[in-house]
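Protein chains in written order, with the working numbering: chain A, 1 to 482; chain B, 1 to 100.
Worth flagging that the hints you see were computed from the coordinates, not collected in a lab. Take the hints with a grain of salt, since some may be wrong.
Cβ pair distances, simulated, as ranges [stated by the list, open to error]: (1) A:285 with B:41: 33 to 41 Å; (2) B:74 with A:2: 37 to 45 Å; (3) A:5 with B:27: 53 to 61 Å; (4) B:31 with A:47: 47 to 55 Å; (5) B:56 with A:411: 32 to 40 Å; (6) A:322 with B:23: 19 to 27 Å; (7) A:5 with B:67: 44 to 52 Å; (8) B:67 with A:92: 43 to 51 Å.
Beta carbons are placed, not taken as given, at the ideal position from N, Cα and C, and that holds for glycine.
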Amino acid sequence: MSAIETARAVRAGERSAVEVLEEHLARIDAREAEIHAFNLVTEESARVQAEAVDATVAAGGDPGPLAGATVALKDNMCTRGIPTTCSSKILEGWIPPYDATVVTKLAAAGAVFVGKTNLDEFAMGSSTENSAFGATHNPLDVSRVPGGSSGGSAASVAAGFAALGIGSDTGGSVRQPAAFCGVVGMKPTYGAVSRYGLIAFGSSLDQIGPFAADVADAAALFDLIAGHDPRDTTSIVDFVPSAGAVLDQGVDGLRVGVVRELSGGPGSVEGISPDVIARTNAAVEALAAAGAEVEEVSVPSATLGLSAYYLVAPAEASSNLARYDGVRFGLRVDGATTGEMNTATRTAGFGEEVKRRIMLGTYALSAGYYDAFYGKALKVRTMMLNDFASVYDKVDVLITPTAPTTAFPMGERSQDPMTMYVNDVCTIPSNLVGHPGISVPFGVGDDGMPVGVQVLAPATHDALTFRVGAVLEAAANAGGES
Amino acid sequence: MSERITRDDVVHVARLARLQLSEAEIDRFTEQLGDVLDHAEDVESLDVGDIPPTAHPLPLVNVTRPDELVESLDRFELLAQAPFAEDGHFRVPPVLGEQP
Chain A
1 MSAIETARAV RAGERSAVEV LEEHLARIDA REAEIHAFNL VTEESARVQA
51 EAVDATVAAG GDPGPLAGAT VALKDNMCTR GIPTTCSSKI LEGWIPPYDA
101 TVVTKLAAAG AVFVGKTNLD EFAMGSSTEN SAFGATHNPL DVSRVPGGSS
151 GGSAASVAAG FAALGIGSDT GGSVRQPAAF CGVVGMKPTY GAVSRYGLIA
201 FGSSLDQIGP FAADVADAAA LFDLIAGHDP RDTTSIVDFV PSAGAVLDQG
251 VDGLRVGVVR ELSGGPGSVE GISPDVIART NAAVEALAAA GAEVEEVSVP
301 SATLGLSAYY LVAPAEASSN LARYDGVRFG LRVDGATTGE MNTATRTAGF
351 GEEVKRRIML GTYALSAGYY DAFYGKALKV RTMMLNDFAS VYDKVDVLIT
401 PTAPTTAFPM GERSQDPMTM YVNDVCTIPS NLVGHPGISV PFGVGDDGMP
451 VGVQVLAPAT HDALTFRVGA VLEAAANAGG ES
Chain B
1 MSERITRDDV VHVARLARLQ LSEAEIDRFT EQLGDVLDHA EDVESLDVGD
51 IPPTAHPLPL VNVTRPDELV ESLDRFELLA QAPFAEDGHF RVPPVLGEQP
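Using the sequences and the accompanying hints, generate a full structural model.
Written out as structure tokens, the structure is:
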């Protein structure tokens with residue numbers, strides 16, 4: 001049952017939120033040991049939330065638009081009184097004194113939080129293997145990764161542990177795991193969803209986004225979490241989400257661009273698998289069959305996205321993660337002086353990938369290299385903004401694969417950072433320019449694992465990504481994916 | 001091994017970042033950071049001319065709020081999360097006398 005349908009039934013008194021929760025907890029009991037989607041299952045507080053929803057209904061009240069819908073929350077978002085770890089040892093023992101805005105909004109809507117989900121430490125990774133608490137496995141094939149960094153939330157939705165998932169996307173961390181786990185995942189326009197209470201990785205790139213089993217549920221979740229928040233000064237003041245209202249508008253007459261540089265064909269970046277290219281082409285044909293006007297377009301700077309991102313994101317991370325110094329929260333390892341204590345704490349508390357990114361970012365920002373690396377990467381962001389602006393003069397949306405491959409075997413890429421980073425080549429451009437993007441499942445690859453197709457749109461046109469996503473979903477369900 | 005970044009660079013950057021690396025980590029990071037910087041050659045070698053930098057995707061101006069007292073988080077609740085706190089303050093080891 002979809003989250004929307006569950007909420008309708010719970011509000012109407014046809015189903016109890018406690019009963020809905022128990023079904024999800026039973027599935028967690030059955031499979032969590034082999035999947036490890038959660039850092040913490042919040043069974044007790046979930047029961048309290050579900051009972052409160054049922055009590056409101058019994059008293060004739062309305063518990064809210066997501067009444068009784070179960071939510072899996074990525075463990076880099078603050079929950080008052082409940083540990084929040086970022087899957088890092090450095091936040092050991094830390095209990096947030098406040099809720100993230102998304103948590104406040106979802107609680108007010110009647111949602112029930114089943115747990116805090118695993119991630120690559122501080123959201124740095126594409127496989128959820130870089131967690132201090134062990135890797136998450138793909139529910140569709142536990143020998144494979146679920147993608148990352150929001151792998152725990154994606155796996156939770158795919159395994160039926162929760163109807164909805166919340167992730168964060170800095171370079172593809174919602175969309176790529178959604179593709180790998182065969183669910184819908186969306187990165188909103190930068191500033192559409194409040195980042196208050198999201199533990200920072202790359203502050204000019206991070207955005208919270210929804211996971212769901214279908215496009216309609218993802219749209220409902222997006223509409224609920226989006227909107228201005230005075231506590232996040234980068235949130236867009238006049239943003240009014242409207243994804244749910246446009247889902248049935250179709251794509252007749254819509255202009256769809258296929259991005260040459262991310263198409264796998266001539267002029268494209270290398271490494272996109274033939275089976276992924278085939279599914280993406282089938283998605284484009286499905287849109288054409290639904291009345292869209294398709295043309296190939298060029299975003300020349302898209303080929304520079306990967307390099308620019310792996311300078312900008314580590315640079316911002318090195319600055320953001322300077323706060324973990326053993327003074328105010330989490331781990332402290334003793335030292336004779338404050339400086340020695342800082343170094344001992346960070347050395348013991350951060351995992352290898354986090355150290356690698358801090359090193360890379362510190363280098364890119366250091367004297368003598370700033371102009372050559374960080375400064376140039378910022379200029380590439382301007383080039384990308386200009387390239388996307390010209391393309392969106394000609395077309396309404398863009399189509400690309402979400403990831404170059406399907407979910408890969410665990411351990412396959414964890415020893416070679418660069419092969420891991422290449423995973424993000426199709427998702428990174430929208431983070432660098434702040435645009436929205438959605439990943440919708442569209443058939444399977446040669447290995448039987450799901451393929452995700454990505455729909456991109458200009459800033460603030462988030463609803464359009466869902467609208468096109470709904471058409472792709474309908475085509476896939478009708479068997480048009482092969 | 002890449003020559004983009006030397007072992008000495010890695011040791012220097014680790015000190016800036018307040019990380020202590022083992023000899024094996026220094027070797028590994030020298031190679032891996034070199035790989036990433038090799039890939040970034042496409043950005044580094046780009047003739048970007050007069051293109052202005054973009055540090056942030058939104059055209060933001062400063063956001064202010066009315067200068068009014070509002071409730072904030074409780075000081076002692078926050079201090080309770082610190083590894084060491086005393087008399088309403090964070091407590092740290094000596095700062096004076098450190099090497100810069």
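Tested hints:
| no. | hint | in the structure |
| --- | --- | --- |
| 1 | A:285 with B:41: 33 to 41 Å | holds, 37 Å |
| 2 | B:74 with A:2: 37 to 45 Å | holds, 40 Å |
| 3 | A:5 with B:27: 53 to 61 Å | holds, 56 Å |
| 4 | B:31 with A:47: 47 to 55 Å | holds, 50 Å |
| 5 | B:56 with A:411: 32 to 40 Å | holds, 37 Å |
| 6 | A:322 with B:23: 19 to 27 Å | holds, 25 Å |
| 7 | A:5 with B:67: 44 to 52 Å | holds, 48 Å |
| 8 | B:67 with A:92: 43 to 51 Å | violated, 38 Å |
Going through the hint list in order, the structure does not satisfy hint 8, though it satisfies all others.
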